[in-house]
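> Here are the chains, one letter per residue:
6 protein chains.
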Amino acid sequence: MINRIFMNEMSWTSYQKRIEGGALILLPTGATEQHGPHLPMGTDAMLATAVAADVAKKLDAIVAPVLSFGYKSQPKMGGGNHFCGTTSLDADTLAHVLRDVIKEFARHGARKLVLINGHYENMMFTIEGVDLAMRELAYRGIQDFQVMRLEYWDFTKRETLEKIFPGGFPGFDLEHAAVMETSLMLHHHPHLVDMSALPDDGPASFPPYDIYPTRTGWVPCSGVLSPAQGCSAEKGKLLADDYATGVTGAIRKEFPNVKERS
Amino acid sequence: MINRIFMNEMSWTSYQKRIEGGALILLPTGATEQHGPHLPMGTDAMLATAVAADVAKKLDAIVAPVLSFGYKSQPKMGGGNHFCGTTSLDADTLAHVLRDVIKEFARHGARKLVLINGHYENMMFTIEGVDLAMRELAYRGIQDFQVMRLEYWDFTKRETLEKIFPGGFPGFDLEHAAVMETSLMLHHHPHLVDMSALPDDGPASFPPYDIYPTRTGWVPCSGVLSPAQGCSAEKGKLLADDYATGVTGAIRKEFPNVKERS
Amino acid sequence: MINRIFMNEMSWTSYQKRIEGGALILLPTGATEQHGPHLPMGTDAMLATAVAADVAKKLDAIVAPVLSFGYKSQPKMGGGNHFCGTTSLDADTLAHVLRDVIKEFARHGARKLVLINGHYENMMFTIEGVDLAMRELAYRGIQDFQVMRLEYWDFTKRETLEKIFPGGFPGFDLEHAAVMETSLMLHHHPHLVDMSALPDDGPASFPPYDIYPTRTGWVPCSGVLSPAQGCSAEKGKLLADDYATGVTGAIRKEFPNVKERS
Amino acid sequence: MINRIFMNEMSWTSYQKRIEGGALILLPTGATEQHGPHLPMGTDAMLATAVAADVAKKLDAIVAPVLSFGYKSQPKMGGGNHFCGTTSLDADTLAHVLRDVIKEFARHGARKLVLINGHYENMMFTIEGVDLAMRELAYRGIQDFQVMRLEYWDFTKRETLEKIFPGGFPGFDLEHAAVMETSLMLHHHPHLVDMSALPDDGPASFPPYDIYPTRTGWVPCSGVLSPAQGCSAEKGKLLADDYATGVTGAIRKEFPNVKERS
Amino acid sequence: MINRIFMNEMSWTSYQKRIEGGALILLPTGATEQHGPHLPMGTDAMLATAVAADVAKKLDAIVAPVLSFGYKSQPKMGGGNHFCGTTSLDADTLAHVLRDVIKEFARHGARKLVLINGHYENMMFTIEGVDLAMRELAYRGIQDFQVMRLEYWDFTKRETLEKIFPGGFPGFDLEHAAVMETSLMLHHHPHLVDMSALPDDGPASFPPYDIYPTRTGWVPCSGVLSPAQGCSAEKGKLLADDYATGVTGAIRKEFPNVKERS
Amino acid sequence: MINRIFMNEMSWTSYQKRIEGGALILLPTGATEQHGPHLPMGTDAMLATAVAADVAKKLDAIVAPVLSFGYKSQPKMGGGNHFCGTTSLDADTLAHVLRDVIKEFARHGARKLVLINGHYENMMFTIEGVDLAMRELAYRGIQDFQVMRLEYWDFTKRETLEKIFPGGFPGFDLEHAAVMETSLMLHHHPHLVDMSALPDDGPASFPPYDIYPTRTGWVPCSGVLSPAQGCSAEKGKLLADDYATGVTGAIRKEFPNVKERS
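Going down the list, the protein sequences come from chains A, B, C, D, E and F.
Numbering-wise (this note's numbering), the first sequence opens with residue 346 and increments by one.
Numbering-wise (this note's numbering), the second sequence opens with residue 346 and increments by one.
Numbering-wise (this note's numbering), the third sequence opens with residue 346 and increments by one.
Numbering-wise (this note's numbering), the fourth sequence opens with residue 346 and increments by one.
Numbering-wise (this note's numbering), the fifth sequence opens with residue 346 and increments by one.
Numbering-wise (this note's numbering), the sixth sequence opens with residue 346 and increments by one.
None of the hints are false.
Each pair may be met inside one copy or between any two copies, as identical chains are not told apart.
Using 20 Å as the maximum straight-line C-alpha spacing, the simulated EDC-like pairs for lysine to aspartate or glutamate come out as follows:
id, residue 1, residue 2
1, K598, D489
2, K598, D587
3, K421, D546
4, K421, D518
5, K362, D539
6, K604, D489
7, K421, D499
8, K402, E605
9, K502, D518
10, K421, E599
11, K582, E504
12, K508, D518
13, K582, D539
Don't read these hints as lab results, they were simulated from the structure.
Being a predicted model, the structure only gives us computed values, none of them experimental.
Chain A on its own, in the form it takes in the complex:
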């Protein structure tokens, strides 16, 4: 069981050796959320896991079990929490899951964690989870635990965007179940993409405010915020390479003691 990437596939003795050797923990956070009729509901979890796995192929890093459930989907970010299938957690549930597992990683002896988020709505609650965990770690006198926290898409290179969107990048705002996520899924999990179901709703257009209860009419019926036409596995590979390279580079820079994967 040596050199496995996924924590849940490792025995505790293998894991312990890795941690004692200074291995980094990568924690992907996702969601179970509608992603249009053509993508599976686990897309965010799968893509965050894929980024983590790609990093773990380069560095001495262990991929912890993904958080499969995320914060409530918002209309402008993921279509809204009224869709059938979207399965979300309350804010404090999510923050507490993160708090608990981070404290456990620290107990194991780990001192570096990279939290790779694949669901935009999770962002602030992962911040809270990290803060709660580090506060309690400090109570126990652990001051040297460090967390890098990121949304993977922030590592997209400008030149990649230019290649993927030759007509101009419309912005990350509407990239839900659209060209980028679909391309990434075609690269990582092609058998889970149903290209025949690709909707062609026009892009969603939102006012500069939210209304609750959600005005469901603001959101395309398909749940896709902008058309995914133009997606391809090749584009997915470009993106995946950006994330693998970018995140790995960031870790090398900030956590210089992390070893390369042997």
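Since chain A is already given, all that's left is putting chains B, C, D, E and F on it; use the hints.
Below, chains B, C, D, E and F without anything else, positioned relative to chain A:
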């Protein structure tokens, strides 16, 4: 994407159709917990998922994403929470995850859920999670949501135990990372079992009380509560068949409207 | 007020002297729960208290006020929480009561606590309460606080079972308001047992799963899980002796500095 | 078991009959708190229970198990939470215990509850507990549940005060473990009062503000806020009569359907 | 921005200098609560803030932003929470706000805080908030943080009461939106008092118990618990002087290192 | 007290009349957070309140008391929570304050609320607070309560940005205590801006990830994320006009029944 088994691999539109057609939801709950040097830490989650998947191959049922983290491991049940790698949640974190996702399944229109638990320590907290969810559903006027809750090993047939333990079944108490779990993993995930690492600690012997902080000396160093020698994939298949048959039978009996898988 | 057994009957100055002298604290946890038409609803609390009092007559120990309310009754354990009279707490309420009082005992200067549980459903939540308390004590730098936690019936000797059940012990599972509890009550609180009301429902028979909302039809109308016929005060004394002896012995072994009662 | 007063001594079938007949529930709330060297730490719980029992001897009422642990003792009210032996709950623990049991009483079919508080510091948290319970009862459509909430000493008659304090009543503020409580204990539980240990510290004198951490020097070393000299069982009886009469009268007035005890 | 009184009007650099110089923090706590037809709903918050500002004009002290929302209004204290406009917090929400901000003040380097409460119902929850904060500060090793906690009206001098109520002081109990608060508002915020709307309901008269749901008929329709006739700005000034002098004196006595305002 | 704008300055009777007449509630949410050496720490609260007040001068709307404390400042948004003076709440504290007050507004009879956020870090927690409130309102059968939620800067018109940043708008990301906020404060509260203290740190430059504990070296010492040079009261007025006009327009569109201010 029709007829997929796993919720996270289904599109929301497929899922919605299935739910509208009366599909049952199966929610496996596991743990990330030491299982000796020969089994992976995800064993409980993998086995609960495997039972769920076997049921979903027979009935019109959807397997929701497994809960990969469980309640704190106890010495007499899983070796104790002091092992490196064991990664556990506080009681209310676990109960709240269950509460939240159950409420979401009900919002989707599901009215039947089978909660398949693979980690003994989770039991009472899944009960609390179910109770909290059903209380809130009642506030919203939803009174017809039903949950079947089970530990899969309770479906082991007497004759299977006799075949697996020809010298007499020592009881479920010490069956942590022992013959039954190892056999099941050899059946379901043989590549994740390291038979060369099988420890041969004598069985653990516990007094009729707990002590906290854990007396770690009570627990075999390997984390295995009784020897796994005698395990085999064939025995694993016998057990897996019991669970698939038993759980499916229970569902057919209690939820007679659930359809066979088409 | 010297040498009283019950904390609530002691003045703080007497208590302080006892604690400074190394006295042990015994905390009984019970429930307010239906126990058939012949036993009072406080049975679990009374029996846990009785065990504690018997121990405190032998060792330098103080019996703290019993927790009269416990976790929600489960059909297979105590008949279910749908009975009139059963009065239960949410999981986190119960765990927090334990957390709070344990922290207070530690503040008083106590370093050893024995938690004597008389209601099966409480078990996991007492574990959580202990864990939460010890975590916070560690934050304050208190690392030497120890808790022994037990269900009193686990101290029943095999020979006692053979005497009480000459026809063979049917197992602890259905021993709710049945021979053992009724015998113990006849021994400790005979005026609270109404032998004329002893029901003779056949024993309950449960499938290997739970259903929520509770299938109330699974539970005998009386709330008794198996017949109490055959109970007697003599049998109760045998059991009480096992518990007094067994728990006292366990304490002497694990906490050797605890003094005998002077 | 007919016509018992204490809920925990009643079988569920007797309780059910009483509730169906319209019996009132009386819930005493106390504390485990230093009460000087002459009174036991359970004084507040015992006195609240005694008031409840006296009422239940007159009206068709059931005394629920007392809450033995209360909110943190305050210097000006009960000497402060720094005393050894005082064992207190966090605010939300206490409020949640009340919330949970009140909801259970309502589930049983009770519609009237009298909460008899014997520990001043509990007051606002019993208010919160009642409010949380009634909010949730309203979610379930239960709007007719009523709670009377009281501190028993507010029923002391002026003429009684004049008899007990012929030199003038110094006010309730310093009546902690002083003349009134000691007299009541001499009346209700004389064997638990150690008159030889009566301290004669002068009365405490507090500024019009609190300081945290508690300025322990403000509080007499004995924990008694004003001298108990002058206490007697006769005075205790006068007070007990006021409370029995006063509370019974209030219930008759506000809940006119409650029957007299048969 | 030097020498400003209000924290929210200071830059962080000015605040830091003040804190490093030993400035005291004053935290007013109020409510948004009906105060009759003649006083604004922010009365409690405004008066607590006014006391704080008066103190900060004498001592080296900084007034933190007032807590504008308080605990649920009680009939006998503030008319009850059924009035339109009264906007209250749950107990733990209020306690947690206090806990959080107190911990932040300690992080800033402050070591002395005066909590000036203007809403009676807040009292016990500010105590809990302080306790929760100081417990966590102790976890971080901060043991020298001190809090003075007060209700401002407790600083009213006897001679002032005699001047204001020449016919005898009826007691603080019914002083909600009555002579004292109205006079103070006439002194501090005359433009917010509508003297033409002064109601002349007779004084409220309450029994020695509470009933929930609130018996709204017990409370004068205006929400005023006793007539405010006789109020005047001059009386308000007498009271304001008592509070400024009294609180300042208490601080000088208890926190002798606090400097005079330069 | 007719036609006041601020809820805390209104009597309950005036407020009730306004609510019965259909008035809208505006709830500003801010923070107490460093805003460089030239702006006061209450900037976010003051600006959100100013927008609300400007709207309330046009529409039949009432400005509720601002939430003066917000979520923990993040390095990339507000400099980070390590600055002296920044005073933040835990996630669930903030969400619960919102939940509680929103439920109260609904109890008063209000059915429309506009939540005007002035502190970026609050965003997701206001969403959670709204969701928690609306969930509980639904339990009480209130389904017609609507919330508009907005960050005021999202109403900045493109032409205004072009006027304010003739050299090109660098983006909202670094606009903390920079040109926009300083200009707005010069417009609304000029006496609270210390132009002599304007720092000229170069703009902050952040990598596409966070590190915890905060790498404080990433943030300019002044706390200002980009230079405020070029700010002016005139620019502030342009922005204020955008917000007043934009938010008013949004309300008119979405809540057409809201009346103009009379």
